[in-house]
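Position chain B against the provided structure of chain A, taking the given hints into account.
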Amino acid sequence: MIKWPFLNLKLKIFIMFKWLEKNLPKIVMAPAVGLIGWFVYGFVLWTLYISFTNSKILPKYELWGFGQYEKLWASRKWLISVDNLLVFTALFLIFCIVIGIILAIFLDQKIRAEGVLRTIYLYPMALSFIVTGTAWKWILNPTLGIQKMFIDWGFENFTFDWLVNREMAIYTIVIAGVWQSAGFVMALFLAGLRSVEDEIVKAAKIDGAGLFTVYWRILLPMMRPVFFTSFVILIHISIKSYDLIVALTQGGPGISTTMPALFMTQAAFHKSQVGLSAASAMMMFMAVAAVIIPYLYSELRRENAR
Amino acid sequence: MQDNLKSSSYQQLEQKSKYTNMFLRWFLYFVLILFASYFIFPLYVMVVTSLKTMEEIRQGTLLSWPSGLNFDSWAVAWGGRGYGAGDTFLRPYFWNSIKMVVPAVFFSTLIGAMTGYVLTKWRFKGDSWVFLFLLFGCFIPFQAILLPMARTLGALGISNSIVGLVLVHTVYGIPFTTLFFRNYYVSVPTELVKAARIDGAGFFKIFFKILLPISAPIIVVTVIWQFTQIWNDFLFGSTFSFGEAAPIQVALNNMVLSSTSVKEYNVDMASAIIAGVPTLIVYVLAGKYFIRGLTSGAVKG
Chain A
42 MIKWPFLNLK LKIFIMFKWL EKNLPKIVMA PAVGLIGWFV YGFVLWTLYI SFTNSKILPK
102 YELWGFGQYE KLWASRKWLI SVDNLLVFTA LFLIFCIVIG IILAIFLDQK IRAEGVLRTI
162 YLYPMALSFI VTGTAWKWIL NPTLGIQKMF IDWGFENFTF DWLVNREMAI YTIVIAGVWQ
222 SAGFVMALFL AGLRSVEDEI VKAAKIDGAG LFTVYWRILL PMMRPVFFTS FVILIHISIK
282 SYDLIVALTQ GGPGISTTMP ALFMTQAAFH KSQVGLSAAS AMMMFMAVAA VIIPYLYSEL
342 RRENAR
Chain B
-2 MQDNLKSSSY QQLEQKSKYT NMFLRWFLYF VLILFASYFI FPLYVMVVTS LKTMEEIRQG
58 TLLSWPSGLN FDSWAVAWGG RGYGAGDTFL RPYFWNSIKM VVPAVFFSTL IGAMTGYVLT
118 KWRFKGDSWV FLFLLFGCFI PFQAILLPMA RTLGALGISN SIVGLVLVHT VYGIPFTTLF
178 FRNYYVSVPT ELVKAARIDG AGFFKIFFKI LLPISAPIIV VTVIWQFTQI WNDFLFGSTF
238 SFGEAAPIQV ALNNMVLSST SVKEYNVDMA SAIIAGVPTL IVYVLAGKYF IRGLTSGAVK
298 G
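As given, the protein sequences belong to chains A and B, one line each in that order.
Just so you know, this note's numbering puts the end of the first sequence at 347, numbered straight through with nothing missing.
Just so you know, this note's numbering puts the end of the second sequence at 298, numbered straight through with nothing missing.
So here's chain A without its partners, still in its complex pose (with noise of 0.2 Å):
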């Protein structure tokens, strides 16, 4: 009658042992779970609340309906920010995807010292943003930068002056978010290039296809793949970047280079519009979604495929 309780007690720990052991992984993968949902998604959640909510300095919890996201739309700032977020995405794909695709197929032509050249191109993407913004803010500044340069080698009226002219200032953005991030859609091409058998290019230049035919008809299309997962990339960079304008221009000069990352952070943590950043970063995070879901979609699938 005494040893009961004791017995008990030994089945208990034996049977928590059991189950323990049975659901380690589960525990073991608890944290990154429980975290990531709490940080990313509950936070998410959180954030699309006081979205709908009139909260100024502080979050307030009573519901206002839309009215933040009218407000947004009609904000000229948010507009001129979703304004420059189109050019410069347009401009940054263009230009990352063609360079990237040139120096990818000129670097697969067994080219000497191809190893230095990569390393070359892609250096600028170990480099932070606002490292190669404050040194492209040097570079273009008017008075001592390239416009300087220039008038010292004989051109007396060249004129360089996009960094402090409103029409053009958004430009030297795409100019040095193209030269970051370029030779890193040069890996992804030089990658998808020497992942095609050999057999195929050779049999093609048998039955005579020149060079240019043999990438344009035949690696190239075979590369859509590659291409799906730079656009989507790329994209998504463009809707995140603040700190190659904060390092460059601080959306200057006045807000003609304003993005919509920093119109968030400007809103929330400078003018105690709290509800109004969240509704913003609502915005980008369904740009962001609407982008990157058909994308992970499309990867599982083929991943599950092969």
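These are computed hints drawn from the structure, not numbers from a lab.
Note that the structure is a prediction, hence the values are computed from the model and not measured.
C-beta atoms are modelled at their ideal positions from N, C-alpha and C, and glycine is treated no differently.
Treat each hint with caution, since some may be false.
As the list claims (entries may be wrong) - Computed footprint of chain B on chain A; a stretch qualifies when at least three of its residues, placed anywhere within it, have a C-beta under 8 Å from a C-beta of chain B:
no.	stretch
1	60 to 66
2	143 to 154
3	171 to 181
4	188 to 194
5	227 to 238
6	276 to 284
7	302 to 308
Quick look at chain B alone, frame taken from chain A:
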């Protein structure tokens, strides 16, 4: 096998186009070198500008060679001018960044390795949904979590501290580290694990005895990736810290933007190089792994 394909007609073809090839190759190298100089140009300008005096900067051009190896502006960027107020320099912030990067890289890599291990070797119903759930975290625009994160850090009493930044970087690194390890472990034959299980090896024993010994390459990829991302981060650093707790990128930006007296471009450039040198060194030494991180799975943010 290859000789079969390289038939005589193919060789003839190669012979005929030899001269066009010569021209083509010159053109090829010309274009490649042109682009290389475009990519090198800013780095070159940074280095030479940092070695010039302000007098030289005003007189010469962007490209002109400095008169000598003058590291004065590097010393100012790193350690200041030695007077009190308003003398900002990078040294303390550099150490802030180190203190932030090391634990954040360690924890995010550890969590990613364990999660990737479970997702591939201890599969359960719905595991691919869990993976997708984590993977989406790679892509969220961080603006959508800034506001609640700022409040959470405040509530935990770790806002404007390095501990807070370590937490932020660990959490938002998990999707990437999990992706890397998951994609790596997926190609390890599951039979190995099954055999070990039959022999009575437990969860941790299998990880430490079978998977960890072959994980060196992916650990290098993950550590380099996380190091570069966290070192280069500006958004979290500038939002969740200011003043003395700021990481180096924030300090660099503040230094460059501070509009006290005359703009000293040479000090700005030296500061930018100091802030960029750690990741640049890692890239030059282990570029192969860095590129693998960039392109592996091609899912990145």
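Q.
How does the stretch 276 to 284 of chain A fare against chain B when you require at least three residues with a CB closer than 8 Å, holds or violated?
A. n = 6 at 8 Å, threshold three: holds.
Q) Quick check: the stretch 302 to 308 of chain A, covered by chain B? Criterion 3+ residues, Cβ under 8 Å. A) holds (count 3)
Q | chain B over the stretch 188 to 194 of chain A, status - at least 3 residues with CB closer than 8 Å | A | holds (count 4)
Q: Mind taking a look at whether chain B covers the stretch 171 to 181 of chain A? Criterion is 3 or more residues with CB to CB distance under 8 Å.
A: Coverage by chain B holds here, the residue count being 9 at a Cβ distance below 8 Å.
Q) Counting residues of the stretch 143 to 154 of chain A whose CB is closer than 8 Å to a CB in chain B, do you get three or more? A) Contact hint for the stretch 143 to 154 of chain A vs chain B: holds, 6 residues under 8 Å.
Q. Given as covered by chain B, does the stretch 227 to 238 of chain A meet the bar of three residues or more with CB within less than 8 Å?
A. It holds, with 3 qualifying residues against the three required.
Q) Are there three or more residues in the stretch 60 to 66 of chain A whose C-beta lies closer than 8 Å to some C-beta of chain B? A) holds (count 3)
The structure shown violates none of the earlier numbered hints.
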